[in-house]
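Chain by chain, the residues:
Number of protein chains: 2
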Amino acid sequence: MSRASRRPRLVDVAEHAAVSLATASRALAGRAGVSAEVADRIRQIARELGYVANPYARTLAGGATSTVGLIVHQVDDPYFAEIAAGVIQLAAEQGLLVQICQSGRDPDYELHQLRHLIAQRVGIVLISGSGYDDPRMESAARAELAAFQDHGGRAAAIGRHALGVDAVLPDNEAGGHALAQHLMDLGHRRIAVAAGSAGLTTVADRLAGVSAAVRQRGRSPVDLAVVHSAFTRDGGRAAAERILNEHPETTAIIALNDVMAMGVLSTLRSRRVPVPARMSVVGFDDVSVAADLAPSLTTIRLPMTEMGRTALTLALKPRTTRPRRRPTGHLLVVRDSTGPAPTS
Amino acid sequence: MSRASRRPRLVDVAEHAAVSLATASRALAGRAGVSAEVADRIRQIARELGYVANPYARTLAGGATSTVGLIVHQVDDPYFAEIAAGVIQLAAEQGLLVQICQSGRDPDYELHQLRHLIAQRVGIVLISGSGYDDPRMESAARAELAAFQDHGGRAAAIGRHALGVDAVLPDNEAGGHALAQHLMDLGHRRIAVAAGSAGLTTVADRLAGVSAAVRQRGRSPVDLAVVHSAFTRDGGRAAAERILNEHPETTAIIALNDVMAMGVLSTLRSRRVPVPARMSVVGFDDVSVAADLAPSLTTIRLPMTEMGRTALTLALKPRTTRPRRRPTGHLLVVRDSTGPAPTS
DNA sequence: CTAGGGTACGTAAGCGCTTACGTAAGCGCT
DNA sequence: AGCGCTTACGTAAGCGCTTACGTACCCTAG
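Line by line, the protein sequences are chains R and Z.
Its first residue numbered 1, the first sequence is counted upward by one per residue in my numbering.
Its first residue numbered 1, the second sequence is counted upward by one per residue in my numbering.
Do not rely on the hints blindly, as some may be mistaken.
Heads up, incomplete: computed chain Z residues facing chain R, CB under 10 Å, no partners named [as the list claims (entries may be wrong)]: (1) Leu49; (2) Tyr56; (3) Gly69; (4) Ala81; (5) Cys101; (6) His151; (7) Leu224; (8) Val226; (9) Ala230; (10) Arg269; (11) Arg271; (12) Arg272; (13) Val273; (14) Pro274; (15) Ala277; (16) Ser296.
It is worth saying that the hints were derived from the structure and are not from the lab.
The beta carbon of each residue, even a glycine, is placed where N, CA and C say it ideally should be.
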């Protein structure tokens, strides 16, 4: 290996400016104790030299850690991809770097990743994905995050509320309610839900909204069948199979997220069930491809990219005594996958 | 803030094991100079204490940097999301963390991100996205990577070959050739290409394959119209508009990637052009949603996730004098978006 | 004119690790 | 027995920063 000149260090800047290390450090950090003109000169020289602080030295010496750890289930799931895009965007604007981990939807592995991230001394942890109904499932992660914050770390959650940290939370219940309402308005009376794994709060909340809407419909009762499966495309396929087999009279399927809806549509296509003529389908999230599916998907729009940005914003603000909660808006987007209930 | 006990440090491990810092360090790094039994004892104690080396201290002291920087255009573009998923997967298996950056398809910003990553002292840089025809566009990045490697950094590229580093490269030309061949076999003689920005090697290569296939068809000549636009869904929409307006006799559109194809399909849908009855459409990449589009997309399959893994694998191997090139397989996947040319 | 206090800067002590070098013990060889 | 070599370990010098503390200096008030 050749050895081109090494990167400039802080001493180089200090020497050029004829000041001490401490002064140079203070000037570049923008801290008090340096006269304005000296600080300007130092910054100028640093720029000319192309000086960039070594983050390892900086962090080791007790400075701020400038990296944010982001945990998602799967980056190539469009829901998480959009969240990640938002986080990365804002991080770049702030000069932060983001370390990304996939939990693969496995709570144990997720905990492992969380520990790993903290062990790697990231300054901020952002965790997305659904929480678990059973509080014991969350308690380990919760404890880990609490200890992390006690050591000065900052954390925020996206779409989960039981972690004891700031969170940005969509109103899953209202969204579920709106979907069911939309279908009932179209005359559907036999509705099936392709739900994600039982035990997930996201599933429970969205489902609760659906049930509530159905229950409010006192007269002309509605049949509601719930089939649990994985929150993935294949999960959606499996759920649709079961719905077609076990609840053949169903006229509308509520998939609890868009990725499942894609699986549902796929199964309906291969089973030659016309959508929406014979079966209406709705999703949840409005991932960007939802509009391009066959047929385009009626769904609840969540501002994923913005959610990612908001979560980082929360984590960047000084911590409050009680965890903050930022609600996100949501919107029913009606497209071509829903239509009037077939008159059998 | 409470101060729960600090994380264990190497001295703690050393003390418990009654050895020196140096010995503990060697044992945990698996380096020579420690007897097997002592090394085992040290590792055992480290495990019990839950010791995890501080990566900042380790790196500062000259140890290996264990973080890989990944540059993509946009994480929520499915092509890049799948690459990222592969990189993150393998990195996790290897105990590495990945820092991810978005270049937003802007060569200047990409260079900025590259510099930032290197300034942050990542150990490995992986760069994806298309290269540029004009070698001067790549030269700055190339120089940056060369200097980086001279300082012991490792780098690999995904889908770009002019960077002077190891690369995993799909055969874009053969893919383009296969697509054109497929359409000509179906009887299409007026083909339009919805190409990404001119100046991108990926575009040029795929286009070259298309042209070659058309040229080889000596008898029964084929009209080929090329429309350049952005490598995005909106770019696909715009290209399709122009094709419909300026080349109304077109019977098949080759979108040079799937994301553009999504835009093309979207435009055809709103313009009520039946696919494939009136117009065949093909894409390139086979992103996971390609099968769920309306209609499902005929395309060239590239193993994106595997490409991500391969790139990291290359970077992890000791460097060779000449940059290595790993070809990737590709496969024509025929679905419902292509059909026989309409007999006008 | 001097005590007290603020400001601007320098000195030096780490942060937690890796590693070059030093040393003592054990080995085989002449 | 004495030599040199290897092996196993310890000592200590950094890596490039931040920051507590120390020291000039200047300004104001008494």
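Point to revise | Indices of hints not satisfied (ascending) | key: Violated: hints 1, 7, 8, 9, 11, 12, 13, 14, 15.
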